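A.B. asks: Listed below, chain by chain, are the residues.
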Amino acid sequence: MLRQAQHERFQGDSAVEAIDLVKDFGATRAVDGVSLSVPSGSIYGLLGPNGAGKTTTLRMLLGIIDPSSGTRRILGRTKPIDAAEEVGYLPEERGLYPAMHARDAIAFMGALRGLPLKEARRRAELMLTEHDLGDWAKKPIRTLSKGMAQTVQLLGSIIHKPQLIVLDEPFSGLDAINQARLEELIRREAQNGATIIFSTHVIAHAERLCERIAIVAKGKVAFEGRVDDARARLRPIVRLRTRASDGPWRSAIPSDARLEGDHLIFELPESGPEPLLRALLDGDAGIEALAIERPGLHDAFVAIAGESAAAAMGEEKPQ
Amino acid sequence: MRKVMRGAFVIGRRDFSATVLSKTFLFFLFGPVFPLLFGIAFGGIVSGTVGQRDKTIVAVIAPEAEFVRLQAARERLAGAIDNERVLGLVRYAPEPDLAAQQQRLLTSGETQFRAVLTGLPDHPRLAGNIQPEGNTAKQLRLLLANAASGNAAEPQLEVTHIDERPGGTPRDQARTGQIAQTALFFFTLLLSTMLLSQLVEEKSNKIIEVVAAAVPIESLFIGKLFAMLAASLLGLIVWTACGAAVVASWTGLAALPPPATGWPTFLGLASVYFAMNYLLLGAVFLTIGAQAATVREVQTLSMPVTFGQMLVFGFAAAAVTAPGSGLALSAEVFPLSSPLAMVARAAQSPGIWPHVAAIAWQVLWVALILRLGARLFRKTVLKSGPTRRWMGLRRA
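Respectively, the protein sequence lines represent chains F and B.
The letter at position 213 of the first sequence is residue 213 when you use the numbering used here, and the numbering goes up by one with no holes.
Here the numbering used here = 1-based position in the second sequence + 319.
Be careful, since some hints might not be right.
To be verified - Below, in silico cross-link-like pairs of lysine to any residue (SDA-like), each with a Cα-Cα straight-line distance of 25 angstroms or less:
| # | chain 1 | residue 1 | chain 2 | residue 2 |
| --- | --- | --- | --- | --- |
| 1 | F | K118 | F | L144 |
| 2 | F | K79 | B | V700 |
| 3 | B | K322 | F | L144 |
| 4 | F | K139 | B | L345 |
| 5 | B | K525 | F | L281 |
| 6 | B | K525 | F | A252 |
| 7 | B | K698 | B | E616 |
| 8 | B | K457 | B | L345 |
To be verified - Some chain F residues well away from chain B (every beta-carbon gap over 10 angstroms; in silico):
| # | residue |
| --- | --- |
| 9 | D13 |
| 10 | R94 |
| 11 | R113 |
| 12 | L133 |
| 13 | S145 |
| 14 | Q153 |
| 15 | S157 |
| 16 | P236 |
| 17 | G272 |
What the hints assert, rightly or not - Quick list of simulated restraints, FRET-style, between CB atoms:
| # | chain 1 | residue 1 | chain 2 | residue 2 | range |
| --- | --- | --- | --- | --- | --- |
| 18 | F | L117 | B | S590 | 21 to 31 angstroms |
| 19 | B | S523 | F | L117 | 35 to 45 angstroms |
| 20 | F | E183 | B | S523 | 22 to 32 angstroms |
| 21 | B | T613 | F | R142 | 14 to 24 angstroms |
| 22 | B | T613 | F | E183 | 35 to 45 angstroms |
Since the hints were derived computationally from the structure, they do not count as laboratory data.
These numbers were taken from a predicted model, which means no experiment stands behind them.
Backbone N, C-alpha and C define an ideal beta-carbon position, used for all residues, glycine too.
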């Protein structure tokens, strides 16, 4: 209820706003004028290859480090630490005290965010049971598997029912089942009114979860907006297989069409699908297969961030 | 501030539990045995210096002629043995109110008399913080016998034991100050090196990100510092109880030299100064240790840090031998030696207000060092903040 009320306070506002954030580490500019706006209650993806500046941006938004220049506003506060009790954070480099029991580790993170310890322990036990880790509640972290420890840390970042949840590469290191569980958890938290920002270099997760994204490359925001708007930057893709290899119908095919196996791949012409279909039928192309595909976020990413960034992103395949 | 303290409490509670509930805490409790032996030996050397400075001096209230005879006897004895081992004599002409004169001499801060001799030549009486069969009384009997040449009968010296001042003699008080100073130094020496490595755990386990995002960095520093203070106080209680039991079974607690402020006040002040000494040095070491990225770096830092502590101790120990001097004042004012110097002052001087001022001064420095440490940590470890440009210029 509290979270709902707090959420309403920011309804219509951005949960997170960054204007022209810059971060220099010595002579290296890690983040170069990042501006973004995350609507309250949305799931927001920060996409980019490793080293693009995603983590540094998140750390600045959370107040772990201060920017070299630029401003930020988190849940209406200009000082991120003032909003700390309403923010949950899962860092990229996971860290827990190895000797601490799983329940206590979660409760400790809750207590750091302002929960009374007793209540934090109660919630921690409940959450561990919900995630099939009830038997591990009083076992030291060092005895848990990597996936279990990661779940413990994730639970620790949301135990206090934060309004804003920041997850840095949350899917990294998780198996397919746990990735699906995490996606479900993110959706559930968003349904409960939380704003979620996560960084990833696996586009499929962003495509499935996000309403809005920012594509970061070389410290700069190359795109910021709705996922559909990113896709809309590209024309639909046509995949065509014909019996005839040549004929008058070929004039309807763009000159930059490429051959992948026995399929012709090309962007749908601006005139739309009807003139193309008519030309294929009238020109006796002998259509064996025709698909008009909406471009994926990956294609949009390639177009926006460039081939090199896309190649760097492609190192880890989505599960 | 509320947020800082709340965060510090959460971190401190975790650190305290993690420290005290670990098996290694038992080893920690046994830790002081060896350095304490070293401390006793080192304390003995310094107390030897104190003893040398405080040669026993007896005030003699007597007519000139009687004093000359006694002094001549002293010179003969000093010629036969070492002059330094023979007590000194200072003459005062008798005043109408002899009792008041005797009391004034015993409590005089300028000349520190162990005892006052009156009643020469027929009924010598010695009054002071001495024992009837102690060295001072025995020497005086010998001098009196020697001075009364021709008399076959040795004069009967009447000895009256008096606690001239609340804390005993300056020599005793200096010894009390030395013991307290040495104890404080070694307890802090043992504990402060632990603080060097406190933040390495968070950094190596990557927990620092979670903590830094949730609470101000000051909370981390304060929490860690006070958690270790609480753990060390727990150890101190155990060590003090064991130490008191050993002293009680060996010589009896009453044999301990009484401090100038009295035992209850002195023990209270010593506890506060232990905490302040720990907090001051701990804050410095936490700041230094926070810069270390690995356990290896911490180990490398341990030696210079220990030497630094030894220097501070040496500075404060030197102040004990010269109470009220510029050196003592410097040691009392310099923040890192202030608790050690002030605990010695508590043993040597009865005033309370200087302690109130000193504690306030030390608290201020703890806050300043922690603030500086947290800023330095953010700047150098978390790489936070704007890039400084010298005079606003930057090369193109």
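A.B. asks: For each hint, tell me whether it holds in the structure or not.
C.D. replies: Evaluation of the provided hints:
For the given pair, K118 (chain F) sits about 23 angstroms from L144 (chain F) by alpha-carbon distance, which is consistent with the 25 angstroms threshold. For the hint linking K79 (chain F) to V700 (chain B), the alpha-carbon distance of about 20 angstroms falls within 25 angstroms, and the restraint holds. Our distance criterion of 25 angstroms between C-alpha atoms is broken by K322 (chain B) and L144 (chain F), whose separation comes to about 32 angstroms. A C-alpha spacing of about 23 angstroms is found between K139 (chain F) and L345 (chain B), which places the hinted pair at or below 25 angstroms, so the restraint holds.
A hinted pair counts as satisfied when its Cα atoms are at most 25 angstroms apart, and K525 (chain B) with L281 (chain F) does not qualify at roughly 63 angstroms. A threshold of 25 angstroms between alpha carbons decides the hint, and for K525 (chain B) with A252 (chain F) the separation of about 58 angstroms lies outside it, so the pair is violated. Straight-line distance between C-alpha atoms of K698 (chain B) and E616 (chain B) comes to about 19 angstroms, which keeps the hinted pair within the 25 angstroms bound. Between K457 (chain B) and L345 (chain B) the CA atoms are separated by roughly 49 angstroms; this puts the pair beyond 25 angstroms, and the hint is violated.
Every CB of chain B is more than 10 angstroms from the CB of D13 (chain F) (nearest about 22 angstroms), matching its label as outside the interface. A cut-off of 10 angstroms between C-beta atoms contradicts the statement that R94 (chain F) is not in contact with chain B; the least separation is 6 angstroms. Listed as a non-interface residue, R113 (chain F) fails to keep its Cβ farther than 10 angstroms from every Cβ of chain B; the least gap is roughly 5 angstroms. Under the 10 angstroms C-beta cut-off, the non-interface status given to L133 (chain F) relative to chain B holds; the minimum distance is some 19 angstroms.
The Cβ of S145 (chain F) sits about 17 angstroms from the closest Cβ of chain B, beyond the 10 angstroms cut-off, so the non-interface label holds. In this structure Q153 (chain F) is not separated from chain B by more than 10 angstroms, as the shortest Cβ-Cβ distance comes to only about 8 angstroms. For S157 (chain F), the shortest C-beta to C-beta distance to chain B comes to about 8 angstroms, within the 10 angstroms cut-off, and the non-interface label is violated. Listed as outside the interface, P236 (chain F) is consistent with that label: its C-beta sits roughly 42 angstroms from the nearest C-beta of chain B, beyond the 10 angstroms cut-off.
The Cβ of G272 (chain F) lies farther than 10 angstroms from every Cβ of chain B, with a closest approach of about 50 angstroms, so its non-interface assignment holds. About 28 angstroms separates the C-beta atoms of L117 (chain F) and S590 (chain B), a value consistent with the hinted range of 21 to 31 angstroms. In this structure the hint that S523 (chain B) and L117 (chain F) lie 35 to 45 angstroms apart at CB is violated, the actual value being about 25 angstroms. The supplied range of 22 to 32 angstroms is met by E183 (chain F) and S523 (chain B), whose beta-carbon atoms lie about 31 angstroms from each other.
Taking 14 to 24 angstroms as the suggested C-beta distance range, the pair T613 (chain B) and R142 (chain F) conforms, at roughly 20 angstroms. The supplied range of 35 to 45 angstroms is met by T613 (chain B) and E183 (chain F), whose beta-carbon atoms lie about 37 angstroms from each other.
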